[in-house]
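Visitor: Spelled out, the chains give:
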Amino acid sequence: MKDIVPTDSPVIRVDELRKSFQVPVREAGLAASVRSLVRRQTREVRAVDGVSFTLAPGEVVGFLGPNGAGKTTTLKMLSGLLHPGGGELRVLGYVPQRRERDFLRQITLVMGNRNQLQWDLPALDSFELQRAIYRLPADSFRRTRDEFIDLLEVGALVSKPVRNLSLGERMKMELIGALLHLPQVLFLDEPTIGLDVTMQRRIRAFIAEYNRRHGATVMLTSHYMADVEALCKRVIVIHHGQVLYDGALSGLVDRFAAYRQIGVAMAEPHDLSAYGEVISAEGGRVTLRVPRAEAARITARILADLPVSDLTIEEPPIDDVIEQVFAT
Amino acid sequence: MSLLRLAYHFFRVGAMNELQYRVNFFVQLIQSAVALAVGLIGLGLVFSHTSELAGWSQPELLAVMGVHILMGGFIQAIIQPNMLRLMDDVQQGTLDFALTKPEDAQVLVSVREIRIWQLVNVVIGAVVLAVAIIQIGERVGPGEGIIFAIALLLGGIMIYSFWLMLTSVSFWVVRVNEMVNLFEGVYAAGRWPVGIYPGWLQGLLTFIVPVAFAVTVPAEALTGRLNLLTLGLAAAVATGLLLLARLVWRVGLRQYSGASA
Chain A
1 MKDIVPTDSP VIRVDELRKS FQVPVREAGL AASVRSLVRR QTREVRAVDG VSFTLAPGEV
61 VGFLGPNGAG KTTTLKMLSG LLHPGGGELR VLGYVPQRRE RDFLRQITLV MGNRNQLQWD
121 LPALDSFELQ RAIYRLPADS FRRTRDEFID LLEVGALVSK PVRNLSLGER MKMELIGALL
181 HLPQVLFLDE PTIGLDVTMQ RRIRAFIAEY NRRHGATVML TSHYMADVEA LCKRVIVIHH
241 GQVLYDGALS GLVDRFAAYR QIGVAMAEPH DLSAYGEVIS AEGGRVTLRV PRAEAARITA
301 RILADLPVSD LTIEEPPIDD VIEQVFAT
Chain B
1 MSLLRLAYHF FRVGAMNELQ YRVNFFVQLI QSAVALAVGL IGLGLVFSHT SELAGWSQPE
61 LLAVMGVHIL MGGFIQAIIQ PNMLRLMDDV QQGTLDFALT KPEDAQVLVS VREIRIWQLV
121 NVVIGAVVLA VAIIQIGERV GPGEGIIFAI ALLLGGIMIY SFWLMLTSVS FWVVRVNEMV
181 NLFEGVYAAG RWPVGIYPGW LQGLLTFIVP VAFAVTVPAE ALTGRLNLLT LGLAAAVATG
241 LLLLARLVWR VGLRQYSGAS A
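The listed protein sequences derive, respectively, from chains A and B.
Using my numbering, the first residue of the first sequence is number 1, and each one after it goes up by one.
Using my numbering, the first residue of the second sequence is number 1, and each one after it goes up by one.
If we strip away everything but chain B, and leave its shape as in the complex, we get (with noise of 0.2 Å):
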């Protein structure tokens, strides 16, 4: 509940510290706007040579790619800017303010900044995501909508989970501000399903950057072809990521305070 208490408090300070930059509001909706039309005349030109990709039809990949703007809209709104915000504080000598507030750190670091203007891609996700619902027709249930918004829970915890210990890194290593890059680099390949990749690199966006439990496992639920094994094995691993990066930033903590040395 505290979370939620402080998140809403940061959220408020953070609309407010955005809406005096109303320009970037415009901007982004433009930079939106054509990486939607983008997307879009991909998947156009994907479908004008073939019927499906790996099993996926158009209007389940519109899905995938629904799923993915709008997961990326809550990164770069919420996890990447306060990720930012500790390498910053960690360079700069500032994260002893945050340490020194009676209120679990790691709590207090992932909540204090948001960028309000990014939401606008988590609301273009979910149109796209609407409309290629109605285009896959009845077979998406009450059922299915649920399943889905449990797997895209799991895959924002899974996504946090990782940037955590990411940013935890510049404890030892002050700057990773290049880390950032590389992960939009990687993020980008789970527009599609993870299943078009081949079995390394398949690897590599399900357990190293866990994009396919963020993207294609919400997917996959969302078009009925998630089991409950899927479903059981993504909760299993966010609270093993989740309790794994808890712990990456409880040493990085000890680090940065001197109790290893």
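Bound conformation, chain A alone (with noise of 0.2 Å):
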């Protein structure tokens, strides 16, 4: 059953979500095996624990944690792989647990580290499978996938077996499949697992210009903040089935940088250990790492005290931020 939904509202409305899992628990060695033949132990671990998130039409979000964080479980509840424990969940309007078609028909989800296409046969054939699943029509499929074979330029690639293709080759064909019904909700689990960064690049580029074209919502997860750079204006942190963090990426960083950079540039070597933390000497030009609070004050300092020719104050890298965060 869809409701209905005025155009301007939430793609992807999640409230209070929760799910947990029973897990066996049991001690190592043989004689707990046997023991937990006769009972078995289970705990509970609560993988989703009352996230609530909602996504605008064409937005691409990407979903950070560490592993284990509950990113893939929430995945799988938004694409209708599992019943949520608790909470509301809704998906262009429908109840994705239900798994009705006209949801199915509308979005993909793409697991990284997992593929769906003939092994032994060139990408073109799974393409056929997909179109036969979908029922597309055949002049529409036809231009849908000679323009992404163009924009990720594969035409050479599509009709050779999918067992002789490069991992990152065949990442390519994958996004294809998964997007030749021109899904509206894309779930992209890892994506770029494994591939090198010129591949990495390319489909960063390939998923940035579906969304552009055809207004697709993305919701990404991905371990390499590259990805989640180019592509994400807006980053949901989650950690431990909860949500730590919800907003633009630059504030992630403003939240949750603890420390800043100092750059100095001098025309002799100075020791600066006094100042603050110094990540690397070279000649005149110092970095120090400086708790962010105390940045401009040091600032200052440095500037009376020495003889300074160029300084600049920037934010670490931001994987060294999301590090720090998950740390805690």
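These aren't lab readings, by the way, just hints derived from the structure by calculation.
Where is the CB? At the ideal position from N, CA and C, for every residue including glycine.
Take these hints with a grain of salt, some might be off.
[Stated by the list, open to error] A short list of chain A residues far from chain B (calculated; beta carbon distances all over 10 Å):
| # | residue |
| --- | --- |
| 1 | 10 |
| 2 | 24 |
| 3 | 39 |
| 4 | 101 |
| 5 | 168 |
| 6 | 210 |
| 7 | 266 |
| 8 | 280 |
| 9 | 313 |
| 10 | 317 |
| 11 | 323 |
[As the list claims (entries may be wrong)] Derived list of chain B stretches under chain A, where covered just means 3 residues or more per stretch with a C-beta under 8 Å from a C-beta of chain A:
| # | region |
| --- | --- |
| 12 | 13-22 |
| 13 | 91-102 |
Using the hints, build the complex out of the two chains.
Guide: In structure tokens:
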């Protein structure tokens, strides 16, 4: 059943979403294994614990968190694979776990570490299969397919058996196959995992282009901050199944970066360890790490004490920030 | 209709897949020829001592063997590979791809795979059947032919339902591959009419693993010894099993998606 949704209403609405799993607990060793045959002990793990957010049409949002934070569980609930343990969930106005055809026709799920193409056949044959499953009209199917093949520049590869392709080439084919039905909502779980930098960039550019041309809403998880920086203005950070941050990517750094980096350039080498933690020193170029709150005061002191020719204050790299957030 | 359309597309892809491995065709051919020879020798041995077995004459038993080979080919070509793939998908989490498609998931997981070389057995089974029919003579008319086809279809439905239920167990117990060997062992018993076995085994072969309905009953239809009551029973059992399998599958899916937790 589809609710009536005004066009400007959120594409994805998640309210107090919860999901727990019963996982078997067992100590190591044979004796414990035998004991667990008789009495299985389980422990409840709260994978998702009260997550709420909304996504507007056409938004590309990065979904960040360490392994086990609940990212994949959330994506699986959003795509109808898992039933929520609690809370409310709507995607395009549908209740995902009912897995209605009209809903499934408008979404896609890409998992970077698993593939759905026919291994021994050229990708073109797998695309035909997608056409049959989604019942796509032949001419529009062909147009979409050729458009994607052009965008990803894989014209020479689509007629080679998939098993002979590189990991990155295979991922390109996976993406084409997953988008042939022009879904409105994309759930991308680590789409660039294991790929080299160039290939990551191509995949990213393709996702951005798809979003631009078709106005699709994208939810992306990735371990590569470069993916997130390139594609997402907004990030949702979850940790231990709860939303830690939801907002602009730049705000994440503001909010969580406890340190600033001060770059100082001088004509002569000087020892600056009295001002802060020296990260690098090369001749007269020194980079310091200082607590964020004291950055302004320390900068003023350095400028007063030393013959500085140039000085910069920088945010730490986003990877470091994320790492700090999750370390807490 | 959507079932046939999808099945056609997967059949096409499956055929293309297997055509790359032509050697498999010859391996299958040899395997089938050996199995056929062993079967015929066994039959010959039995009838060198007696002229009938539990009321079945030699050509009639040849018909049973023909149905057994034919049905076995169908199981190995379509039912078994699909169900094995389903087990793999549950283990590896790739079932998610099937579940996010706008198509009935049961239909999808039942038509994805085909081992075309196994269809060699369908052909061999049909040839053995044809020889048996010629030997049996004029007693096989078009009426028997139609009832035979219906009985065969019902048998196929029962075996499929049985397999689907067996495979759905993988939603709870992830490693179930051993069950394949178990099934093959039981199915081998269907080479002979179930009537020759002791009562408890007949029960097992009829109602636990529906080999009797899949092989003996169609053969009975062909040899004119099937009454409409048995055919009606077969239809009822096939319908019941299909519905039950659908139910078990759905409950299994609920387990997979954590709806029951």
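Visitor: Look at each hint and say if it fits the structure.
Guide: Here's how the hints hold up against the structure:
1. No beta-carbon of chain B comes within 10 Å of the beta-carbon of residue 10 (chain A); the shortest separation is about 21 Å.
2. Residue placement check: residue 24 (chain A) keeps its beta carbon more than 10 Å from all beta carbons of chain B (closest about 12 Å).
3. Annotated as non-interface, residue 39 (chain A) keeps its C-beta farther than 10 Å from every C-beta of chain B; the closest such distance is 18 Å.
4. For residue 101 (chain A), the condition that its CB be more than 10 Å from all CB atoms of chain B is violated, with the nearest at approximately 4 Å.
5. No beta-carbon of chain B comes within 10 Å of the beta-carbon of residue 168 (chain A); the shortest separation is about 20 Å.
6. With a minimum CB-CB distance of about 18 Å to chain B, residue 210 (chain A) clears the 10 Å threshold, and the non-interface call stands.
7. The claim that residue 266 (chain A) lies off the interface holds: its Cβ sits roughly 57 Å from the closest Cβ of chain B, which is beyond the 10 Å cut-off.
8. The beta carbon of residue 280 (chain A) is kept farther than 10 Å from every beta carbon of chain B, the shortest such distance being approximately 44 Å.
9. A cut-off of 10 Å between C-beta atoms confirms that residue 313 (chain A) is not in contact with chain B; the least separation is 46 Å.
10. Separation of residue 317 (chain A) from chain B is adequate, the least Cβ-Cβ distance of about 33 Å exceeding the 10 Å criterion.
11. Under the 10 Å C-beta cut-off, the non-interface status given to residue 323 (chain A) relative to chain B holds; the minimum distance is some 28 Å.
12. Taking a C-beta to C-beta cut-off of 8 Å, the region 13-22 of chain B contributes 4 residues in contact with chain A, enough for the three needed, and the coverage statement holds.
13. Residue count for the region 91-102 of chain B with a Cβ under 8 Å from a Cβ of chain A: 9. That meets the three needed, and the coverage hint holds.
When held up to the earlier numbered hints, the structure conflicts with hint 4 and nothing else.
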